[in-house]
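Chains as they are written, first to last, in our numbering: chain A, 42 to 195; chain B, 4 to 304.
Errors might be hidden in some of the hints.
[Unchecked claim] Pulled a few chain A residues facing chain B out of the computed Cβ check, cut under 10 Å:
1. 82
2. 149
3. 167
[Said to hold, decoys possible] Ranges between beta-carbon positions, derived for each pair:
4. B:101 with A:74: 40 to 48 Å
5. B:101 with A:159: 18 to 26 Å
6. A:123 with B:277: 19 to 27 Å
7. B:34 with A:191: 41 to 49 Å
8. A:47 with B:97: 42 to 50 Å
9. B:13 with A:175: 21 to 29 Å
10. A:74 with B:252: 22 to 30 Å
11. B:157 with A:72: 26 to 34 Å
12. A:178 with B:95: 25 to 33 Å
13. A:164 with B:154: 20 to 28 Å
14. B:200 with A:93: 54 to 62 Å
15. B:71 with A:163: 34 to 42 Å
Hints in this document: simulated from the structure, not taken from any laboratory.
Bear in mind that the values here come from a model prediction, so they are computed numbers and not experimental data.
Virtual Cβ for every residue (Gly too), placed ideally from N, Cα, C.
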Amino acid sequence: MNIEVTVNGQRRRFDVEPNTLLLNLLRDGLYLKGAKYGCGIGECGACTVHMDGEAVLSCMILAVEADGRRVDTIEGLADGDELDPIQEAFIEEGAIQCGFCTPGFIMTARALLNENPDPSEVEIREYLKGNMCRCTGYVNIVRAVQAAARKLRK
Amino acid sequence: MEINRFNSHIIPIRFDYHAPKSLEEAVRLLEEYGEEAQILAGGTDLIPKIKQRILEPKHVINLKVIPELACIKETSDGFKIGALTKLRTIELSPLINEKLPVLGEAARVIGSVQIRNRGTIGGNLCNASPCADMATALMVLDAIARVDSVEGTREVPIGKFFDGRGQTIVVPNEVLHELTVPHLPEGTGSAFVKVGWTTFDIATVNVAVTLKLDDEKVADCRIALGACSPAPFRVRRSEEALKGKKLTDEALEEAAQIVSEHIEPRERWRRAPPEYRRKTSKGLALEALTEAAGGARRLTK
């Protein structure tokens with residue numbers, strides 16, 4: 042099936058099978074390896090990308106469903122060499138260990154800060170509860186989102 | 004999780020994909036492919052089921068492109084909620100939060116933001132899980148499901164929507180179109196409480212309550228439970244026991260006790276043993292009743 046998707050601001054055409062997952066299109070078709078495969082059933086959040094600005098799980102969405110839509114991935118977040126304030130904050134606060142969950146966390150955090158520029162710690166934890174990290178724990182991640190929110194508000 | 008026996012990184016079967024632009028087109032497709040088709044709403048239940056080969060449809064019909072199916076409207080006799088309305092939309096809707104707060108609360112505790120950005124109210128119901136949070140909330144709201152097919156429309160009260168064997172009454176050539184919810188009487192307090200393994204897990208027990216007071220006496224009360232019986236259900240005995248009574252701690256305690264006596268938890272261990280559900284349903288019912296009573300008191304002051 043022919044579909045047209047705007048990926049990280051670029052309009053692109055694809056010919057995909059109906060059973061292709063959006064995540065596979067991104068990773069194997071476009072070599073955008075930021076979004077990860079974790080659980081495959083919607084529990085870990087490692088495959089989080091934005092579709093029309095909303096945080097969604099790309100391993101549970103058919104690529105054909107993205108037809109005519111905008112998809113943004115972690116690769117589209119930085120502006121050239123200029124990292125997004127959330128990416129910077131994750132580095133500065135040590136919110137990364139192995140890094141597998143990081144693209145998902147950052148994309149979810151991005152959606153949160155787009156909706157709510159000044160979230161409380163409770164709101165951050167609530168919004169990020171669909172993302173799992175198995176090495177650092179969540180303290181530094183929450184701290185990074187708070188730091189990024191402060192930066193973005195300036 | 005059983006999923007680990009499979010490769011959840013791909014969809015292991017092939018199917019034809021349809022994206023009808025109107026409801027008429029959708030019901031025509033269902034008439035043609037019915038048995039071999041699955042309706043795709045949010046996909047948060049369907050896609051994992053296909054990955055595990057629990058379902059192997061030859062046709063997948065995506066309803067998400069039909070705009071009329073995703074809406075929340077207030078009418079003279081209540082509310083209309085399109086089956087494809089996303090859980091996130093319900094959770095954030097000022098109309099829902101003001102007029103039907105129990106539905107907003109139930110939507111808010113489903114999965115994660117990512118799940119709610121895709122999952123729909125109709126999908127939550129048609130997946131026919133006894134744990135569906137939307138179903139429990141819609142039960143106390145006396146919602147009516149409108150189901151369409153090429154033959155026309157039928158309306159089914161939500162209490163008759165589940166057949167108690169993990170199925171809904173929606174047959175293969177039909178589609179859930181919308182839910183109609185009557186207005187709640189002024190001064191009705193409500194609550195939705197849920198417990199699961201984690202805060203974004205599926206419910207091990209969920210309870211929805213609406214309660215209306217008349218001079219400290221219970222004028223009306225509705226109690227529904229999910230995940231405790233083959234289908235979500237209203238606990239009429241408990242409701243009757245409360246009606247007309249003065250709102251005392253003893254009355255609430257008694258109503259909660261009746262709730263726990265009327266559940267039919269499965270014997271096979273599923274998230275919890277039956278004894279857990281007996282005890283928890285009582286505790287959660289008491290919590291929900293107390294919260295709803297508090298709300299009703301505030302509203303009638």
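Consistency of the hints with the structure:
For residue 82 (chain A), the interface hint holds, the least distance from its beta-carbon to any beta-carbon of chain B being 4 Å, beneath 10 Å. Residue-level restraint check for residue 149 (chain A) holds (minimum Cβ-Cβ distance to chain B is 7 Å; threshold 10 Å). For residue 167 (chain A), the interface hint holds, the least distance from its beta-carbon to any beta-carbon of chain B being 8 Å, beneath 10 Å. At about 45 Å, the beta-carbon gap between residue 101 (chain B) and residue 74 (chain A) stays in the expected band of 40 to 48 Å.
At roughly 24 Å, the beta carbons of residue 101 (chain B) and residue 159 (chain A) sit within the given window of 18 to 26 Å. The given range of 19 to 27 Å is broken by residue 123 (chain A) and residue 277 (chain B), whose C-beta atoms sit roughly 58 Å from each other. The hinted range of 41 to 49 Å is not satisfied by residue 34 (chain B) and residue 191 (chain A), whose Cβ atoms lie roughly 57 Å apart. Checked against the given bound of 42 to 50 Å, the beta carbons of residue 47 (chain A) and residue 97 (chain B), roughly 30 Å apart, lie outside it.
Remark: the range hint 21 to 29 Å for residue 13 (chain B) to residue 175 (chain A) is upheld by a beta-carbon distance near 23 Å. Distance hint for residue 74 (chain A) and residue 252 (chain B): a CB-CB separation of about 59 Å, inconsistent with the stated range 22 to 30 Å. For residue 157 (chain B) and residue 72 (chain A), the Cβ-Cβ distance of about 50 Å falls outside the hinted range of 26 to 34 Å, so the restraint is violated. In this structure the supplied range 25 to 33 Å holds for residue 178 (chain A) paired with residue 95 (chain B), their Cβ-Cβ distance being about 30 Å.
With their beta carbons about 48 Å apart, residue 164 (chain A) and residue 154 (chain B) fall outside the hinted range of 20 to 28 Å. As the Cβ distance of residue 200 (chain B) to residue 93 (chain A) is approximately 31 Å, the hint placing it in 54 to 62 Å is violated. Against the hinted window of 34 to 42 Å, the Cβ-Cβ separation of residue 71 (chain B) and residue 163 (chain A) comes to about 37 Å, which satisfies the hint.
Comparing the model with each earlier hint shows violations of hints 6, 7, 8, 10, 11, 13 and 14; every other hint is respected.
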